[in-house]
Structure formats: structure tokens, C-alpha cells
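Protein sequence lines correspond, in order, to chains C and V. Residues 1 to 117 in this note's numbering are what the first sequence lists, from first letter to last. Residues 1 to 110 in this note's numbering are what the second sequence lists, from first letter to last.
For the record, the hints were derived by calculation from the structure and aren't laboratory data. Accuracy of the hints is not assured; some may be wrong.
[What the hints assert, rightly or not] Every beta carbon over 10 Å from chain C, so not counted as near; a handful from chain V, in silico:
hint, residue
1, Val-65
2, Pro-81
3, Leu-88
[Claimed, not checked] To be clear about the criterion: a stretch of chain C counts as covered by chain V if any three or more of its residues have a C-beta under 8 Å from a C-beta of chain V, and this derived list gives those stretches:
hint, stretch
4, 43 to 57
5, 105 to 117
Glycine included, C-beta positions come from ideal geometry on N, C-alpha and C.
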Amino acid sequence: GAVVSQHPSRVICKSGTSVKIECRSLDFQATTMFWYRQFPKQSLMLMATSNEGSKATYEQGVEKDKFLINHASLTLSTLTVTSAHPEDSSFYICSARDNRARYNEQFFGPGTRLTVL
Amino acid sequence: QKEVEQDPGPLSVPEGAIVSLNCTYSNSAFQYFMWYRQYSRKGPELLMYTYSSGNKEDGRFTAQVDKSSKYISLFIRDSQPSDSATYLCAFGQAGTALIFGKGTTLSVSS
Chain C
1 GAVVSQHPSR VICKSGTSVK IECRSLDFQA TTMFWYRQFP KQSLMLMATS
51 NEGSKATYEQ GVEKDKFLIN HASLTLSTLT VTSAHPEDSS FYICSARDNR
101 ARYNEQFFGP GTRLTVL
Chain V
1 QKEVEQDPGP LSVPEGAIVS LNCTYSNSAF QYFMWYRQYS RKGPELLMYT
51 YSSGNKEDGR FTAQVDKSSK YISLFIRDSQ PSDSATYLCA FGQAGTALIF
101 GKGTTLSVSS
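Chain V with its partners taken away, still in its complex shape:
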């Protein structure tokens, strides 16, 4: 079983749709859970981070963590064409490099 699994997509939605991006993981030692957004030919940008199970909201973005199921999600409400990018989930432990998912490519059409 891979340490992190993320559906690569691509995922295409119309503007205004609710988008759900998901990752599963197997390492129960992960303490930190993050989502990064990467536009084409750019470095990843940190979107959301959390360390506990439950939901964390920031504007149109909601990060959800379920440690018991080893599952994290990123929800995007009222999606916009500017949200078109690759979204990477990332997992961390103290003192080590983050482990990244392969990324899900999202395309939002106007």
C-alpha cells in the first residue's frame, strides 16, 4: 500500500460547482495535514494546513481530516476559473520532510 494516494484526475467542473479533492494515507504517525495549489510552471503555494481531525474553513476552501479513516479532503465552494490548478495533499511529522500526493489537476470552465 502506498503511503499516500491521490487521484490524479483530471477533474473538470463548471464555474460555481463544489469541488471535492481527496487523499488517503496509511502512516498513522502523520501529524500535519496540508493542501498546496500549484499553477502550471510555478512553485506550490500553501493553501490550508491543520493538525487535528475535523473541518477547517478559509473563505471558499474547507479542509477536512478524518484520522480514524486516514482520509483528508479539500472542498472548494463556488469554484472559479482561477481555481484551475493542480492540488497536492501533503503530510508531515516533526523533523521530517513532507510527503506529497501526486496531485489532482482541476479545470474550472466558465
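So here's chain C without its partners, still in its complex pose:
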């Protein structure tokens, strides 16, 4: 149980285009999902907390107009990187908190590697 999927796993795009990344909880419901980015050999950096049916909460320094988050259902959250630029190239990982979780544990997706040319 507690499987989280992400799609796509890898995307290469031209500068100026928008890219949408999907995060799905496959066998549980997740009121809350989280989006992280990770640079090579760096730790996870929390970008935003996504709550189903409400606006996402962004961490300081993360542009909400650039990184659009939608959490339309209890099993799906999407991150759209708008007008992507090479500096947005990174590994984006989502996680989901199982509504039944006792210890607040989060389960991670496999990540999406974004390369902006």
C-alpha cells in the first residue's frame, strides 16, 4: 500500500514552455500533498503544501505564479511550471500524506526530472 505515482518521469522542454507534472496517490486518499525540488547532491527543498479543494501554501521564495499547483481531488495534485527557464531544471518530487496516517508520515513519488533547454 501507500503508493504514489508521478507523471512524467522525465521531461525535456524548450525555454518558455509550460510543463505539467501529475502526482497521484494510487491506493489511499490524500487531503494533503507536498511538492519538493531537489538539486544534485542536495536535500529536498519544500516548495509548497497542497490541500485538496483549497489554495496551495507556498514556501518563502517560491513564486506562486510560476509554480501553479492544483489539488482537485483526494488522489491527484498537479504542478505546472509556467514559462520554464533553464534555471528551473531540477528533480521535482511530490509526496502525499495518507489521511489515515498515525505518524504524519509522507509517501513519495518517484520524481520527475525536468530539463529546460
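We have chain C; now place chain V onto it with these hints.
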């Protein structure tokens, strides 16, 4: 003082060794203590979680929490090359996102 501190390593050990990974924290409000394993270019995988001081064992892995010293450890017995990964400690409170350590990179050589 940083909220969470974790030695980034890298840590290199021979196969069969006992590995000790550690994190310290400063926020006494943390209620949940976890360890995640992350292989290169993959998402983190939850290994162990606990909420109380003491030891919790799962196979070759033992998670230890000392709330009085604000210190948690992950021990790996009989380490295998497949244990080579980055290990992240994580701390949580009800209703908030987890706080992660920077991760310790472990390499187990055969």
C-alpha cells in the same frame, strides 16, 4: 542553531559492517521521527517511523530515538551493497510538513 543537523558524509563501509547514521534536532515539539532512503534519481522511500524514545527494530534496521538528548539514529546491521543510498532523517508534528535533514550518503562496498 539549525532545526535539524545531519552529517552529509559520504560514509563508506565494507559489506557486513554495522552502520550508524545520526541526526540531532532542536525543536522539542517534534512528535514523529522517521528515516527515509533515497536511491540516486529516485523518490525517497519510508524506512522507519516512530514517535517515542527507545529502539524500534525492523529486520536489519534499528531506529533509535533519544528525546532528552534530541538525537535519533538509524543502525544498519550486516550492511549490503544494496544499502548504498542517501539516508534522510525526518521530523514531524501534527498538521505540518515534515522537516528533513540534508541526508547522509552511504556506500557499501562488496
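A quick look at each hint next to the structure:
1. Val-65: Given a closest Cβ separation of 12 Å, the condition holds.
2. Pro-81: holds (20 Å)
3. Leu-88: violated (7 Å)
4. 43 to 57: holds (count 4)
5. 105 to 117: holds (count 8)
Going through the hint list in order, the structure does not satisfy hint 3, though it satisfies all others.
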